[in-house]
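S.K.: Heads up: the sequence lines are chains A and B, in that order. Just so you know, the first sequence maps onto residues 1 to 475 in my numbering. Just so you know, the second sequence maps onto residues 476 to 663 in my numbering.
In short, the hints are calculated from the structure, not lab data. One or more of the hints may lead you astray.
What the hints assert, rightly or not - Here are the in silico distance ranges between beta carbons for each label pair:
#, chain 1, residue 1, chain 2, residue 2, range
1, A, Asp301, B, Ala662, 44 to 54 Å
2, A, Leu162, B, Ser642, 18 to 28 Å
3, B, Arg503, A, Arg319, 20 to 30 Å
4, A, Leu74, B, Ala502, 19 to 29 Å
A virtual CB, placed ideally from N, CA and C, is assigned to each residue, including glycine.
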Amino acid sequence: MPRTTPRTMLGKIWDAHEVAPGLLYIDLHLIHELSSPQAFDALREAGRAIRRPDRTLATADHSVPTDGTAAGSLIGRPLARRQVVTLEQNCEEFGVPLYSLGHERRGIVHVIGPELGVTQPGMTIVCGDSHTATHGAFGALGFGIGTSQAEHVFATQCLPMLKPKSMRVVYSGELGHGVSPKDLILATIGQVGTAGFTGHAVEFAGPVIEGMGMAGRMTICNMTVEGGGRSGMVAPDETTFAWLRGRPGAPADFDAAVEVWRELRTDEGATFDREVHVDASRVSPMVTWGTSPGMVIGIADRVPDPDASDSESGRAAGRRALEYMGLRPGNSLTELPLDHVFIGSCTNARIEDLREAAAIVAGRRVAAGVRATVVPGSQQVKADAENEGLDRIFLDAGFEWHHSGCSMCGALMEEVQLAPRQRCASTSNRNFEGRQGHQARTHLVSPAMAAAAAIAGHLVDIRDWSQGHATADPR
Amino acid sequence: MRPLTLVEGGVTSLDRDDVDTDQIVPARFLQRVERTGYGKYLFHDWRGDGDVDLRPNPVLVAGANFGCGSSREHAAWAIEDFGFRVIIAPSFGDIFAGNALKVGLLPIRLERDACRAVVDAGTVRVDLPEQTVLASGRQWTFDIDPDSKHRLLNGLDDVAITLREHSDAITAFEARHDLLPLPDTTAL
Ligand code: SF4
Numbered sequence: 001m002p003r004t005t006p007r008t009m010l011g012k013i014w015d016a017h018e019v020a021p022g023l024l025y026i027d028l029h030l031i032h033e034l035s036s037p038q039a040f041d042a043l044r045e046a047g048r049a050i051r052r053p054d055r056t057l058a059t060a061d062h063s064v065p066t067d068g069t070a071a072g073s074l075i076g077r078p079l080a081r082r083q084v085v086t087l088e089q090n091c092e093e094f095g096v097p098l099y100s101l102g103h104e105r106r107g108i109v110h111v112i113g114p115e116l117g118v119t120q121p122g123m124t125i126v127c128g129d130s131h132t133a134t135h136g137a138f139g140a141l142g143f144g145i146g147t148s149q150a151e152h153v154f155a156t157q158c159l160p161m162l163k164p165k166s167m168r169v170v171y172s173g174e175l176g177h178g179v180s181p182k183d184l185i186l187a188t189i190g191q192v193g194t195a196g197f198t199g200h201a202v203e204f205a206g207p208v209i210e211g212m213g214m215a216g217r218m219t220i221c222n223m224t225v226e227g228g229g230r231s232g233m234v235a236p237d238e239t240t241f242a243w244l245r246g247r248p249g250a251p252a253d254f255d256a257a258v259e260v261w262r263e264l265r266t267d268e269g270a271t272f273d274r275e276v277h278v279d280a281s282r283v284s285p286m287v288t289w290g291t292s293p294g295m296v297i298g299i300a301d302r303v304p305d306p307d308a309s310d311s312e313s314g315r316a317a318g319r320r321a322l323e324y325m326g327l328r329p330g331n332s333l334t335e336l337p338l339d340h341v342f343i344g345s346c347t348n349a350r351i352e353d354l355r356e357a358a359a360i361v362a363g364r365r366v367a368a369g370v371r372a373t374v375v376p377g378s379q380q381v382k383a384d385a386e387n388e389g390l391d392r393i394f395l396d397a398g399f400e401w402h403h404s405g406c407s408m409c410g411a412l413m414e415e416v417q418l419a420p421r422q423r424c425a426s427t428s429n430r431n432f433e434g435r436q437g438h439q440a441r442t443h444l445v446s447p448a449m450a451a452a453a454a455i456a457g458h459l460v461d462i463r464d465w466s467q468g469h470a471t472a473d474p475r
Numbered sequence: 476m477r478p479l480t481l482v483e484g485g486v487t488s489l490d491r492d493d494v495d496t497d498q499i500v501p502a503r504f505l506q507r508v509e510r511t512g513y514g515k516y517l518f519h520d521w522r523g524d525g526d527v528d529l530r531p532n533p534v535l536v537a538g539a540n541f542g543c544g545s546s547r548e549h550a551a552w553a554i555e556d557f558g559f560r561v562i563i564a565p566s567f568g569d570i571f572a573g574n575a576l577k578v579g580l581l582p583i584r585l586e587r588d589a590c591r592a593v594v595d596a597g598t599v600r601v602d603l604p605e606q607t608v609l610a611s612g613r614q615w616t617f618d619i620d621p622d623s624k625h626r627l628l629n630g631l632d633d634v635a636i637t638l639r640e641h642s643d644a645i646t647a648f649e650a651r652h653d654l655l656p657l658p659d660t661t662a663l
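Build the full structure now, drawing on both the sequences and the hints.
M.R.: See below:
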């Protein structure tokens with residue numbers, strides 16, 4: 001059908017899923033133990049069934065211990081046990097496939113969707129979790145939903161929705177040595193602000209994105225939500241197709257699917273409601289100094305003076321953040337001793353991330369006084385890493401090596417919470433007050449920066465480190 | 476969801492502005508796995524401290540900006556579960572007002588003076604079809620969008636509406652859409 005108006009990728013996916021004006025069809029509903037039980041309960045109360053169990057997939061990730069506990073019923077903590085066991089019962093009752101504790105396909109929901117190949121270009125994907133934006137890396141429309149929306153998808157496979165506005169972030173230039181996708185998205189959020197994407201589905205574009213692997217694209221789309229956007233997207237290309245080929249959920253006639261997927265990219269001449277330009281070549285390894293992902297600086301920069309902010313609310317927020325983080329204006333972040341290093345989360349715990357970190361760690365020791373943990377994004381990532389011997393590299397260096405889960409990212413259980421005023425370099429996505437424990441201090445960084453920080457005992461500029469040391473994997 | 480047409484009965488007063496969703500249901504109760512039973516956690520900490528005497532009545536009269544804060548739906552669940560059907564306040568948090576309507580609670584905006592008069596009257600009659608509030612012989616009218624009114628009057632939740640209005644469209648859409656090679660999660 002010839003079309004006269006060029007469309008964005010968002011527009012194409014939206015048009016292909018509109019059942020009626022403002023009613024969007026959902027191709028995949030991912031669920032986990034934390035946000036799903038009340039939606040199941042509401043279904044039960046109303047005597048309704050799940051319309052499409054075959055478009056629904058569950059895993060246990062938020063409340064699980066990462067010590068290899070083999071079943072929900074064996075979890076020690078009563079509350080967590082109740083959540084996981086409830087998920088197991090609900091999935092059984094409603095016929096939803098589930099990868100719970102003990103299953104080799106279990107993992108963080110936003111890691112296993114792509115890994116199993118059930119995240120595919122052109123799909124609409126929802127989950128009761130804001131980081132559903134991750135799936136957009138494949139040219140899908142993924143967004144987080146609330147409890148009654150989850151109930152609505154269960155019962156109807158549709159969602160009443162307003163179409164988001166479209167925005168494109170265009171990167172020019174190349175990433176410098178030692179600069180990763182995590183640094184790029186942190187710098188972007190630093191530039192646009194934590195509300196910079198609000199109301200928009202954001203398409204990330206430009207040569208840097210085109211040259212980036214799927215892991216990096218997922219890291220970028222994942223953190224769209226930290227800029228206030230519900231969905232991030234990257235146009236599917238040969239990199240996407242090669243990554244998906246042969247995965248369990250991949251289409252039987254893969255080549256035919258690829259032909260359809262090729263049509264998804266934004267048409268030449270399509271207009272976006274907003275466009276932002278970022279010079280990737282000016283981005284350095286980034287680190288957050290404050291209590292929101294937008295409070296971020298290059299590792300070689302000094303902590304800013306909140307009084308330089310142009311609004312009173314900005315000044316107050318900056319001062320409160322500095323006090324919470326135990327910092328002063330002008331501090332260098334490389335001087336601060338760390339208590340903990342966390343390599344994990346749906347942002348940065350894929351095999352590529354672990355390889356990058358292991359390359360820094362190999363043959364070295366974690367600094368005295370630092371506790372360092374690696375929590376793979378899925379059991380498959382864990383198995384792959386063990387096949388490559390990465391677990392030995394981490395263990396020999398003095399890291400803890402865990403089973404998969406959200407662990408210190410969501411920090412829902414006491415055993416993964418930091419003590420008050422403890423300082424952590426973390427590859428996760430949120431550095432809010434209390435996120436990693438009451439009064440805990442989080443610095444968001446890339447996997448390579450986290451790994452180097454564990455060895456040094458403090459944050460380091462990975463660009464200095466790389467000279468004469470192991471070089472970071474450019475992916 | 477229970478239909479709501481006429482609500483008549485006693486009034487409970489919560490004379491505070493800016494009551495946020497964290498105060499309505501403290502965060503530590505959010506890890507429960509049930510959808511029902513949140514009524515016993517309604518204003519849990521204030522009731523525990525003896526700050527608030529929360530009498531069971533059909534109508535709650537609250538202060539301005541009631542239900543501000545997070546988007547969590549538990550706040551509306553708790554108020555509905557406790558037994559309230561109508562909340563009258565000078566203003567509401569945006570997201571909260573939407574969530575309230577979704578569970579069959581009617582949020583009514585009245586001027587502060589009117590709120591006070593309703594509290595003083597002690598009993599009230601709320602007429603949704605007429606969009607009026609009657610107390611001590613005085614009457615006020617209130618606004619509600621026609622769509623929400625229709626839903627409340629008929630006890631239709633979002634799911635019921637979608638199923639009633641779009642079932643055929645969804646089925647027809649699926650007949651086409653299922654021809655695409657979409658992943659079947661039950662066959663992985
Ligand atoms: S890893 Fe963190 S951000 Fe990702 S789903 Fe888990 S808790 Fe949420």
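S.K.: None of the hints should be skipped; say for each whether it holds.
M.R.: Status of the hints after comparison with the structure:
no. : hint                               : verdict
1   : Asp301(A) to Ala662(B): 44 to 54 Å : holds, 52 Å
2   : Leu162(A) to Ser642(B): 18 to 28 Å : holds, 22 Å
3   : Arg503(B) to Arg319(A): 20 to 30 Å : holds, 29 Å
4   : Leu74(A) to Ala502(B): 19 to 29 Å  : holds, 27 Å
In terms of the numbered hints stated before, the structure departs from none.
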